[in-house]
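Protein chains in written order, with our numbering: chain S, 1 to 517; chain R, 1001 to 1102; chain A, 2001 to 2175; chain L, 3001 to 3627.
Hints were generated in silico from the structure; no laboratory data involved. Values in this document were obtained by computation on a predicted structure and should not be read as measured data. Each residue gets a CB set at the ideal place from its N, CA and C atoms; glycine is no exception. Hints are not guaranteed to be accurate.
Stated by the list, open to error - Per label pair, the in silico range of CB-to-CB distance:
#: 1; chain 1: S; residue 1: E211; chain 2: L; residue 2: D3560; range: 47 to 57 angstroms
#: 2; chain 1: A; residue 1: A2010; chain 2: L; residue 2: I3622; range: 26 to 36 angstroms
#: 3; chain 1: S; residue 1: T72; chain 2: L; residue 2: I3622; range: 42 to 52 angstroms
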Amino acid sequence: MVLLLFIIILMAGGVVAWIASRFNETVGKIIALLTVSADLALSIMVWLNRQAYLDSSQDQWMMRFNAEWIPTFGISVSFALDGLSLLMIMLTFFLGVLAVLTSWKEIEYRTGFYYFNLLWVLAGITGVFLTMDLFLFYFFWEVMLIPMYFLIGVWGHENKTYAAYKFFIFTQASGLLMLLAILSLYFIHGSANGTYTFNYFELLNTTYSPEVGRLLMLGFLAAFVVKLPVVPFHTWLPDAHSQAPTAGSLILAGLLLKTGAYGLLRFVVPFFPEASLELAPVAMLFGVIGILYGAILAFSQTDFKRLVAYTSVSHMGFVILGVFAFNELAWQGVVMQMITHGISTGALFILAGSLYERIHTRDITSMGGFWARMPFMAVIALIFSMASLGLPGLGNFVAEFLTLLGSWSANRTLTIFAAIGLVGATAYSLRIMQKIYYGEARMDPHRSSHSQDLGTREKLIFIPMVLLIVWLGVYPQVFIDTAKRPVNDGLKLSEQKIRKSFEAREAVLNQKGGAHE
Amino acid sequence: MKAIPVEAGLILAGTLFMLGLISVLIRRNIIFMLISVEIMLNAAGLAFIVAGARWGQPDGQVMFIFILTMAAAEVSVGLALILQLYHQLQTLDGDAANKMKG
Amino acid sequence: MELTFYVASAIAILSTIMVITRYNMVHALIYLIISFLAIAIVLFVLGAPFIAALEVIIYAGAIVVLIIFVIMMLNLREETVQQERSWLTKDIFIFPAILSAILLAEVIYIITSGEQIMLDQPSIDSSAVGMSLYGPYVIGVELCGILLMSGIVGAYHLGRQKKKIVHRFLEHAEQ
Amino acid sequence: MEKYLWLVPALPFAGALILILGSGKLTKGISGFIGAGSVGLSAAISLVLGLQFLREPATVIQQQLWSWFSVGGLSTNFALHLDALSMVFIFVITFVGFLIHLYSIEFMHDDDGFTRFFAYLNLFVCSMLILVLADNLVLMYLGWEGVGLCSYLLIGFWYKEEKNGYAARKAFIITRVGDTAMAIGLFMLFQTFGTLTIQEILNLAPQRLPMGSETGTIIAFLLLGGAVGKSAQLPLQTWLPDAMAGPSPVSALIHAATMVTAGVYLITRTFPLFELAPLAQNWVGIIGAVTLLIAGFSALTQFDLKRVLAYSTISQIGYMFLALGVGAYSSAIFHFMIHAFFKALLFLGAGAVIMVLHHEHDMFKMGGLKDKLPVIFWTFLIGAGSLAALPFITAGFYSKDQILWMALASEKGNIWFFLAALIGAFVTAIYTFRMVFLTFYGEEKTHVGHPVGALITIPLVILGILSFAAGFIELPHTLGHFTLFSDYMTAVVPATELSPGIESTEWLIQLSAAVLCLAGVGIAYFFYMKRTDLRAELKSSMIVTNRFWYSGWGFDQVYDFVFVKPYVYLSSINKNDIIDAFYKGIVSVSNFFHDAFARTQNGVMRWYIMGIVVGAIFVLSIGLLFQ
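Extracted from the complex, chain S is given alone in its bound form (with noise of 0.2 angstroms):
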């Protein structure tokens, strides 16, 4: 019940702060920061009783969610959490907090519709992280999408419509054969066992040939790529993120690419180990290219947030490098990344509103010597700079180092490659320092007279990511134990299903070969 309170809380949350902005703008944003903030203590209450909830059910889910919806075709309201999804919501409504925090001044014009759409991003997202029914998974994959897509299309920047529909165009092709594969995946089922359902658990069981196999996980796959992204399909993600407002940027980069990265976790791989097995050097191949392509195109670009949507496409090639090393550590890396990840990168882009706030602009160039200005919000920067080039003591090198070395027992030249990224990262996040915060001031007296250091409700919603991005540094155990069954068990689940159509395909060979004798 807890799993669809989470999702309701806040699509009402949404509608009401809708409704009241008409009257009283304040009270709707009070009113979506006392949403988002519920859901944040829900989820965090639930987290602190994760042992409870474990010692009550026999396997990974902590909690579990059934009702019927439409019978007839097998479509059923059906939520699960494990310590994944645990995680992950945990982060949403982190993330989601700080996002109604960062409008706050930001969102000038129907505030209203704005925190409208901003809860329903992250209801979608919710819906997404703890569906179990892949038909509602389909419908909550859409649902982050649209309202996402005003995010961008109304309180964007001055390219706001281009960025929009190519946003809503490749996420929403992509999701189409997804759709594909998740009706084939039902006929396939339906035809074998005789019952149609959607349900996750039922089609875990589903057998099917090789190339069907691996027909379906493209689909799958095409839609986790695409938001993930990885190189060659990111180019949607540099222009959403520069013109998507500061809490869109952050929602896009802190959560919907994190979408990606769990249903490479929690469908491709179980669903499609085998294919997966297939496919992982080429994966691989794709996540190295993609740290190092986007390491290298974050270095030249000159508008700031445009920099920091590069480097989320440098560290989501680690994502699909840990996905399809197939190994604990590895995959404990790519939980970590997915966290750290959006707490830095939300950071940096917050930053990025912050500076755009005072001086409207985002041209790194045109910047400079900010330090003197502001040095708290140099040392934000500094932190989370370092964070993103992953420096021990920070969170992201947990995630980074555990994902390499788990990559390094899968495949040694592709992770030198990776390992090489990071002088690459080192390049680029020194370089947000050296243009943003060093040297001279160089913007001109007049515009820049009212830039002052962080306020209080930028403080509030900094020191908070500091902290947190420091604990995952220094003591990242909880949530590595947090994460623990649900990715075993998935590997173990994943092994047991490659080694079972080993042995059927064995016994086929052995058949054959006695019937040849």
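Start from chain S and add chains R, A and L according to the hints.
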């Protein structure tokens, strides 16, 4: 009764149809276009009759009646449209009504 | 009979050619009546006397009269003929004629490529048509009724002389 | 006392934290007090611990703080490991660090970023302590990157000068290249041993890695990569001279005494791995030998006082690498300690001189400071003597002499190593005294500002005493045979195995080193004191060589050409993302077709009918052609 080859009937229908078609293509006057359409419809009906006669079945004639009905309805609506057009644009030039171009 | 068919066909084609080349609308309509009458004869020859009658009554009668009424309503005069003369030049014929000729050639080729069959069936009388109409084709009859109904309503609605803008795109033209 | 080991890194960290949080609110006095005091307390604790180790060198103190992360067989803790080797390091770090903090209070007094400076400096001390105290390689990597960060921050401390920022960035990126190699080394180590705890690896190494095995060699080379980056050795040495953009105490602490010797620590710490990979160990020696020569010659031509010292640091660390390469670990560590004393002294002295001369870095614009600044002069002279290894009386002589001897006498040594070291010693003597003569002798060229205070002179004097006296804890066979330090170090590293029958030549080597050193001093005296007129002639006759040496043997230019320029070029031509062009291409193709089809939608009805006719002809033709 001396037999007429089917081809002759069909060729007549085809020829009439082509003449109507040429007329539609060359005329700008919208009333002429309507007349041409009538020619074409009539030709099509003729083809049905020929086909009906070929098999000795009444279906061809039934079709002709349907076409006839349609032609009547078409002419009445078409003429009403022509009247409107003429009132709106003060011309019978079919090309003048091109506001819906892409 | 055979001769009748060919003569009537020739008249139909010739008069249709005259229709499509006239500048004067009333002349064209007269030729059209001739064409319809010729076709009525053809129909008769082909063993469809009832249809031949309908052809004369509805096409040559009703439809052409309707068009002539409209022409009278619009009060078209000599300038329309002049206008038609300026629109209908020789070279405008060329391309449509070529296209139609190709199409006709193809159609003729298709028609003549099969074995030759003679039309020597006895004529089908109107009662057979009636049986058919109200038998298997009754749905078609109903639909025709609806069509005519909507045609009447549509014609009435469109034909009203009130200065009414029927489409938003025409707003500018009206002003 | 063992319980409080964690305080050693924690105190500076707490100091850093207070300073960061309180920046803007603390007065300079309090900031300085917190900064220096926290490190001083650490120094006191490590001194007490050190006394214990002197009595009992084989002591090992393990302290587990908390579990960092444990995943799939890898379990990493925040755990400290103190043994004789790390003891030397923490003593040097805290003690020299404390002196430098004291010095900085006066040196940085007029700077706006006073509190920030001490915060960074404390953070650095903390990271460096974690580096040397780490019980596992991941934690060590944390310290390793942490010092890199602090180095970055401190080189770019005066952030208003853009070039300082670039120098800092260069330092970070180049060391990061080495760090990446080291990280890959860690992956291999984990795969080979299933653990990253240093002691476990070292214990398991002989079983898992056969002598000279490929894996072992690659691991050793990768670790060497990390060491080379941090210790500014060939081929990653180019960042150190530029790092002199930072304040002088920073150069003294980070870029002379402590951080740059992290590579020496790493190799000594993991020496069994290198012993199992003779090829890699030999390369350690080769890199050391080549670096010490290259950097020595470069130092000859510099005119910025601090750059001379920077090159000499590279060169001296080259000596340490040489020692490590021939298996003389205790000599390397001994030289590290002595070098930390005298190089810190020289940098602090140089910093004082530069401060007094209103930020004048050019040695040729100095001169005649001998009488004006006697304390600085004498302490600087001691430091310089130690650097040049003036025979018998300076600490540098004893430490460097040991390396020279080992380069030849060790089983792994050879005559080439020895010759390189010997030439290096000669060059060192020349550039050191060139520096001394140019700076302190001759006539005064720049006006001397107000003299320095006690907080500057006291650290100088203490370091001066140490640079002079610390050598006597380890005397060679021929001169008293007192082996306090190497005995102490045997608790961690084995004594060097000497080639048989070579002991008798030791005096010969000492003699040649002493003679060459004095000759070097003599040459410096001749050119820079006696016949200054010959200098220009010499310079013009060797103009190409001079320029080549001055630019640090052209490494910067080559890297610029091979790596930096292509990277920047590649990046800048692709700024708009070539892959996006593909998608933009799809867009323009559909736009093109849209335009094309939109044109047919022209509102002329006859045109549409024409379309139908053409379509009909098309369909019929297709039907006829393929019937």
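Evaluated hints:
For E211 of chain S and D3560 of chain L, the Cβ-Cβ distance of about 52 angstroms falls inside the hinted range of 47 to 57 angstroms, so the restraint holds. At roughly 33 angstroms, the beta-carbon separation of A2010 of chain A and I3622 of chain L lies within the given 26 to 36 angstroms, and the hint holds. In this structure the supplied range 42 to 52 angstroms holds for T72 of chain S paired with I3622 of chain L, their Cβ-Cβ distance being about 44 angstroms.
In the structure shown, no violation is registered for any of the earlier numbered hints.
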